Amino acid sequence: MRTRRRPGRRSQALYCPGLFPVKMSGAVPDPPAAPGSDPARKRRAHGMLKLYYGINEEEKPGEKRDPLDPCDINAARFEPELYLNKLRKDSSLAELMDQESGMVKQIRSLDSDMQTLVYENYNKFISATDTIRKMKNDFKKMEDEMDCLAANMAAITEFSARISGTLQGQHQQITKLSGVHTLLRKLQFLFELPARLNKCVSMEAFPQAVTYYTKARSVLHQYQNMPSFQGIQNDCQNIMAQLAQKLREKFHDRSSSSSELSECVELLLRLDEPAEELCDKFLSHAQSRLEEELAGLEAELGAGSDQQAPPPVNTGSTDILEFIDKGCNNFVSSLCLVIASYQDLFISCDRGTLVSGRLQDGGLASRDVPRMASGKLMEFVDRLCGRYFSLVEQRISAEKGVGDNSLLVRALDRFHRRLQAVSKVLPGSGVPARGTEIVAGAARGRLRQYLAGLKSFYLDSLTDVRQALSAPRIPGKEAPSLAEVLGGLSSAVLNQVKSVLAYVHLFTAKDVSFASKAYFRGEFCSQGVREGLVVGFIQFVCQSSQQFCESVGEKGAPSTPPALLLLLSRLCLDYESSTISYILTLADEQFLGQDQSPLTPVSVLCADAREAAQRLLNHYVKLQGLIVSQMLRKSVETRDWINTIEPRNVRAVMKRVVEDTTAIDVQVGLLYEEGVRKAQSSDSSKRTFSVYSSRQQQRYAPSYTPSPPMDQQPSNLLSNIQKLFSERIDIFSTVEFNKVSVLTGIIKISLKTLLECVRLRSFGCFGLQQIQVDCHYLQLYLWRFVTDENVVHSLLDEIVASAAHRCLDPAPMEQSVIEVICERG
Amino acid sequence: MEDDAPVIYGLEFQARALTAQTAETESIRFLVGTQSLKYDNQIHIVDFDDENKIINKNVLLHQVGEIWHISASPADKSVLTTCYSKTSDNKVITCAAMWRMPKESESGNHESPDDSSSNPQALELLCHLDNTAHGNIACVLWEPMGDGKRLISLADNHVQLWDLQESSSKAVISSSATLEGKGQLKLTSGRWSPHHNCTQVVTANDTAIRGWDIRSMRQIYCIENAHGQLVRDLDFNPNKQYYLASCGDDCKVKFWDVRNINEPVKSLEEHSHWVWSVRYNNSHDQLVLTGSSDSRVILSNMVSISSEPFGHLVDEDELSDQEDNHQDKRKEPLQDSIIATYEEHEDSVYAVEWSSADPWLFASLGYDGRLVINRVPRALKYQILL
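Which chain is which? The protein sequence lines are A and B, in order.
Take 1 as the starting number for the first sequence in the working numbering and just add one per residue.
Take 826 as the starting number for the second sequence in the working numbering and just add one per residue.
Hint data in this document are derived by calculation from the structure and do not stem from the laboratory.
One should not assume that every hint holds.
Stated by the list, open to error - Only some residues are given here: those of chain A computed to face chain B with a beta carbon under 7 Å:
{"#": "1", "residue": "Ser733"}
{"#": "2", "residue": "Glu736"}
{"#": "3", "residue": "Leu760"}
Unchecked claim - Just the calculated beta-carbon pair ranges, DEER-fashion:
{"#": "4", "chain 1": "B", "residue 1": "Glu1168", "chain 2": "A", "residue 2": "Gln543", "range": "41 to 47 Å"}
{"#": "5", "chain 1": "A", "residue 1": "Asp660", "chain 2": "B", "residue 2": "Ala830", "range": "42 to 48 Å"}
{"#": "6", "chain 1": "B", "residue 1": "His1021", "chain 2": "A", "residue 2": "Pro598", "range": "35 to 41 Å"}
{"#": "7", "chain 1": "A", "residue 1": "Ser581", "chain 2": "B", "residue 2": "Gln1160", "range": "55 to 61 Å"}
None of the values given here were measured: they were computed from a predicted structure.
C-beta: ideal position from N, C-alpha, C; glycine also.
With the hints as constraints, model all of the structure from the sequences given.
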């Protein structure tokens, strides 16, 4: 046995065996673990110890060991015989030997474990025995002291019983006396009350009086059947009635301030005046004062508009900011004051109302009073604000100028801000909402005015342009060129748009209180400014320009000068190419609407503008063509072509046509680009001329060699074949946005007119020659203006051919003579 | 269901005057007058054989001068008038005369074209509308649906009503009206209304359209500035009173209700040059034909201002149940539209005419001497008929 190695310790352990099981059965002790021991082993050791002492600990759920297995050496029902038999039966000799040595090993280790445990707990056993011994001593001492204490307490109890027995009678008397004393004091108060009240009233210390009275009131009420009290009560009531009367007078007095008023009301309420009546009175009083202020505003409005009407210069009598300021400072602030004191008095029921309500038989009244009172207040506020708003609206609508509206915006801002104060005092009121509506309405109105202003500005500038164009040229002073006029017009309009946008932008400035409202963040930006103002204006520009196309058609006298048409066409084209997108971008940047409503896309506006430009230019071409055509037509119709003299000159009208065409060319060239020509011959007239003349000769050669009618067919056939291959010429057709195309259109119209007129006349020999000369002259000068000079050539050919057909005596002039005449002209 | 190709007839001369043979209702026949200063002018009687698509022509000589206007008597198919110009003393004057066609040429289809061209016959002169005092006659109008006894001529600024006497051998001015005004006023064209017992005539001068009552010979209305430029032609709606079409140099065709002359009922701008001629179809007045110097002929369907704005109305009784869907379709007003643009001409088209025999057939005459006969597209024809 290994225990022998520690003999001293074993002897100590044996010294007090009784303590050993006590210690072991307690909470699981934490024996200092032997170095290298693992928890499983420790547990097993515990288990075995427990078994030894008969403590049946419950099995841990994890360990599946049958405690009843008799062969389990650790189990409770271990039967050594069975185990040995089994071992012997089952195992071979070597196994048995192993088993035996294992067993020995286990026994040894168990032994040493047990020794360790005993050793570890030994000290504790010793100290425990010491403590118990000491406790025994102490308890003995304490027992003695307790006995002494009990004896003392008994003595005290006895004494105190004796004292209270003797004092019993006197105590009752004292209580009674003190009761009488308080009663007397109360009575004294009551008897003195009328005098005090009088004094208070005379000193005008009304609150004091009311406090006294309310204190005494219930008592007096209770004892009113006793004559003396009744007297006092009557006196008091009289005094209080006087007091109430005085208060009412003060209440009705217009001069009393609102704080005095509210004091009055509070006191009256405490004196059981009916709350409803008071509300009404209070409100009517407030109303009369507020109405005075409104009347002041109204007078100002009337005076302002009166003054504004006759002398428009004197608009500054009261500007809108001043007006709104006044309204805010006077009306709105006193309204707020009234609301606040009213709410203090009647609605926040902790005070007077509740007191009176409680006295006035039951809580029903007290609950109804705030509701009734707030209802009245709402009605009152709505009524007054309605009037105020109508005044403000009138004033705003009087604000008509299209210029700077910063004053208006500031005024609206102040107006709106002040109304927020009302909403703070009086939540749930519709007043601020209406105020916001007014602001939004004013903003809408401004937008409309600005749009109208822009439109009229545009029309005015057009009128100016018109005048500038039609003004007689002052000698020595160069008339402004078309391009300058256009530049001036477009920049003026653009600047106006920009400044209007800037004005309107004030409405959404950050420091403006209403800018954060939903309307101003959404609808105002997208629908109001972008759609209403900007898009509306652009559309107006397009439409108004189209009207210029439609208004014409009166014969001879076009209502619009052609230069204006040209200018507007260029303006619309510029709008299409850049200005529209510029303006819209500007608007979109400044007014970033958060509104999802559909917006007119830029492309639609551009298409509008382009269409307008196209129509204007087409109309310009038509108009100019018409002017030239009229000249040509008159010249053909009025002349007697049969009896005309031999041509010596180009007719003046042709020179005029060329001059006009050149003028138009210059005019268009100021605004439109050159455009593309078809294969232009650099060798100007000479080369084309030869082509022209050869073709021409070829053309009517057959017609002046006499031949039977059927033989004329080849010439017709020839011209028809030629026509088959030449392109069909659309006379009044859409032109492109360039100078050459415009000029081509005008020349085509003019020449076609000449052709048709020639076909309606009959010509003599010299008539035909004159036409030849004229056509040659036109050919010399007109080719340079057109896209495709072949168009001019074929039309002129046609004219000469037609004239030859219509000639009674077709003897064409020599080409060289024609050239000479033309050069001389 | 292919539409028929246009049939083209070529003349040797340039021509402006075209009319349908109004009294002829059996065969399709047009009269064309040529313009030539140097040769004898002709009147071509163009017969169109619809079944064989063959044109038969008959040429009559009109030796007095080039023909500016031609119109056929509504009563006697052998009688016609021409306005022609002749040169005398280095002056051109325009006269009018009434002619009778030789008997055999009336039925020109019996002869072969080759024969007739070899020896053209001459017209038989009935009488001159003698008005040397009153200037140049621009056009002659027959009384519509009349007995061929009354004519109106427009000469410079005069409107003259003629009575034919002694079996058309003598014409007498029974009444006349003169258009007064500053400047030289010249009536350019006119039309005799088939409505109101044929008591109204409308004329055009410059940009104005004027209506006349021929009983009193007074002006009854005047549309100033009806067109931006010259008014070239007029026509009355044959089925709807007061409705009038006009066309002019502003490339527009306008439709007027003469009870409200302030603005046109409708205005078309489809041509790209002057419109020289406008004609309502005689039976189906939604069909309007215009010819222009842009060499195009345009057939429009102006159903919204026609006498049948809801299409051809069928009696309720005739509609059986299975045709309900048809009925629904007819209830909605039809849209005006351009039916077709004809581009067979190479030069200005100065005259268009509907056939008097076949309401679906029309002819147009270009300055290139081409007479083109076209038909209304079949689809449209059936749409109108059914």
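The hints, checked one at a time:
Checking Ser733 of chain A against chain B by beta carbon gives a least distance of about 6 Å; that is within 7 Å, so the hint holds. Annotation: interface hint on Glu736 of chain A violated; nearest CB of chain B at approximately 16 Å, more than 7 Å. Checking Leu760 of chain A against chain B by beta carbon gives a least distance of about 9 Å; that is not within 7 Å, so the hint is violated. Glu1168 of chain B and Gln543 of chain A have their C-beta atoms about 35 Å apart, which leaves the hinted 41 to 47 Å range violated.
Distance hint for Asp660 of chain A and Ala830 of chain B: a CB-CB separation of about 46 Å, consistent with the stated range 42 to 48 Å. Between His1021 of chain B and Pro598 of chain A, the C-beta spacing of about 55 Å breaks the proposed range 35 to 41 Å. Against the hinted window of 55 to 61 Å, the Cβ-Cβ separation of Ser581 of chain A and Gln1160 of chain B comes to about 37 Å, which falls outside the hint.
Consistency with the previously given hints fails for numbers 2, 3, 4, 6 and 7, ordered from lowest to highest.
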